[in-house]
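Trainee: First to last, the sequence lines map onto chains A and B. Position 410 of the first sequence, counting from 1, maps to 410 under my numbering, and the rest follow consecutively. Position 3 of the second sequence, counting from 1, maps to 1003 under my numbering, and the rest follow consecutively.
If you are wondering where the hints come from, they were derived from the structure by calculation, not from laboratory data. Do not take every clue at face value.
Each pair of labels, with its calculated beta carbon distance range [what the hints assert, rightly or not]:
(1) D368/A - G1086/B: 39 to 49 Å
(2) G391/A - K1058/B: 23 to 33 Å
(3) K34/A - T1055/B: 16 to 26 Å
(4) V16/A - Y1036/B: 33 to 43 Å
(5) N269/A - K1090/B: 53 to 63 Å
(6) K1085/B - V16/A: 53 to 63 Å
Note that CB positions come from ideal geometry on N, CA and C, so glycine has one too.
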Amino acid sequence: MDLKNLTIESLHKSLVKKEFSCVEMTRDCLNKAKKETKELNNFLETTEKLALEQAQKIDDKISQREKPKELEGVPVAVKDNILVQDYKATAGSKVLENYIAPYDATVVKKLKKSGAIIIGKTNLDEFAMGSSTENSAYGVVKNPKDLTRVPGGSSGGSAAAVAANHCLGALGSDTGGSIRQPAAFCGIFGFKPSYGMVSRYGLIAMASSLDQIGPFAKNAEDTKTIFNVIRGDDVMDATTIDTKHKNNKSKFENLKIGIPKEFFGEGLNKEVKEKIESAINKIAELGFEIKEISLPSIEYALAVYYIIAPAEISANLSRYDGIKYGYSAGKSQNLLDYYCKTRAKGLGDEVRRRIMLGTYVLSAGYRDAYYNKAQKVRAIIAQDFKNIFSGEDEIDFILTPTTPTPAFKIGEKKDPLAMYLSDVYTAPASLAGLPAISVPCGEVDNLPIGLQIIGAQFDDDSVLDFARIFEQIK
Amino acid sequence: MISKEQVEHIAKLARIELTEKEKEKFAIELSSILDYIDKLNKVDTSKVKAISQITDLKNIFREDEVRVKEKDTRDKILKNAPSKKGDYFKVPKILE
Chain A
1 MDLKNLTIES LHKSLVKKEF SCVEMTRDCL NKAKKETKEL NNFLETTEKL ALEQAQKIDD
61 KISQREKPKE LEGVPVAVKD NILVQDYKAT AGSKVLENYI APYDATVVKK LKKSGAIIIG
121 KTNLDEFAMG SSTENSAYGV VKNPKDLTRV PGGSSGGSAA AVAANHCLGA LGSDTGGSIR
181 QPAAFCGIFG FKPSYGMVSR YGLIAMASSL DQIGPFAKNA EDTKTIFNVI RGDDVMDATT
241 IDTKHKNNKS KFENLKIGIP KEFFGEGLNK EVKEKIESAI NKIAELGFEI KEISLPSIEY
301 ALAVYYIIAP AEISANLSRY DGIKYGYSAG KSQNLLDYYC KTRAKGLGDE VRRRIMLGTY
361 VLSAGYRDAY YNKAQKVRAI IAQDFKNIFS GEDEIDFILT PTTPTPAFKI GEKKDPLAMY
421 LSDVYTAPAS LAGLPAISVP CGEVDNLPIG LQIIGAQFDD DSVLDFARIF EQIK
Chain B
1001 MISKEQVEHI AKLARIELTE KEKEKFAIEL SSILDYIDKL NKVDTSKVKA ISQITDLKNI
1061 FREDEVRVKE KDTRDKILKN APSKKGDYFK VPKILE
């Protein structure tokens, strides 16, 4: 079966024409995933029973001459920090190695209802903390485009699954770039919706004011189809927004594209820069107005991110105490000792580093200098974006490189700060809660790179439509 | 610069036991991250109000009522506990 060239549309056509059954296709995906994850390490578990049961249901429907719709029969993978009932959800951590999800995340419920076939749970940086998927307690994930390099992170397993054609789509979570950066490194589409567009119920929390679930896919259309299934307000997540608030552009005329000069300065790989600039020129040829803009506060985005995210992490991860679930240190002198030992052994280096950083910036005497300061600078960054989209410039989309370089070598970034800097172009949209997608934009030294399209808050549909326009240029 | 003693204090607040070697490692790493973060001091925020979220939502209230869940959700939740007695989580002794 030609899984490589399969899209949702072509899959549905093939199923109707009975070129293959949904069960056959699902078996092929599962077999390929099981075989190749031995090398890539992108799956923590395949959900075979669930997948084949769902596939049989789809075959039954089609044999009753019902045409497949939405995600019916579409094989998808789910990041292991998102709950699929009765399957393990480790979040890449030892502390949750035996945790079995008691219920479905809202997004998983929606996937199942739409007829999607969940084929497995994907590897990730522990608790989604990292930019390379080297931080998982279950081993490093490799990039399918070059096995010596990282797939990006933290949703590296999901990105690799789509790039290696184990499935047509996948769910990831993005807190500071964890969908967009791996999408860029693996040469696929990865979309982070506006904060509040997708329910976080059943997503193992990292930094709650930033976390957002979103889709990976091989093209813009499929990305949009998956997003349309998982979006929407949810009584189980009070931060979701009623989608009636969305302000879509009715037509794509006289649109203005902003190019923020701060994203093209020092640190950007020269060849990546040339590729992105040539893509922007092609967009200009389509008649879009290109305007250089400035977002001066962007320089501070990563510093703000590495205060706010760890602060929220230190609070959210206090739940891993060895009492309610997960790894337990066993016999201890007293309760305090039990907590300290459980967390020392159950949590990895990067997670402990961020918990301690967060504890420090929230501790007495430092809270004003760090946490409160960061919340104020976050307000400035959000306002700077607002001014660009609704001020006199009236910019419709902002275009930037997704990452400063293509995928780096496994083991290359040993210094935590150097790793953090790989999110320098993705963290700003997260802080401002804006929709942003990474779309493939050619290759540098045979490695894929991504163009990031950022839209105004809740203008998610337009961002996806523009991604499609860009996709068709090439 | 964060000292080894400060790392010890933070680790205690965060309920994480560290080895001597880890204390030294984290002192260096956390210091380098905090040096980077210090660039925020250059931003004038005297007229800015801090925000803790980005969508301007106000309080979201709901009725205080039990939502009907699958019957076995409670059992599944309890099953994940490392130690339990009946329908309760078992906690190490707090008072001697």
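Trainee: Give a verdict on every hint.
Mentor: Hint check:
For D368/A and G1086/B, the Cβ-Cβ distance of about 46 Å falls inside the hinted range of 39 to 49 Å, so the restraint holds. Hint check: G391/A to K1058/B, Cβ distance near 26 Å, so the stated range 23 to 33 Å holds. Take K34/A and T1055/B: their Cβ atoms lie about 41 Å apart, and the range 16 to 26 Å is violated. A hinted range of 33 to 43 Å is violated for the C-beta pair V16/A and Y1036/B, which are about 55 Å apart.
Checked against the given bound of 53 to 63 Å, the beta carbons of N269/A and K1090/B, roughly 54 Å apart, stay inside it. Against the hinted window of 53 to 63 Å, the Cβ-Cβ separation of K1085/B and V16/A comes to about 56 Å, which satisfies the hint.
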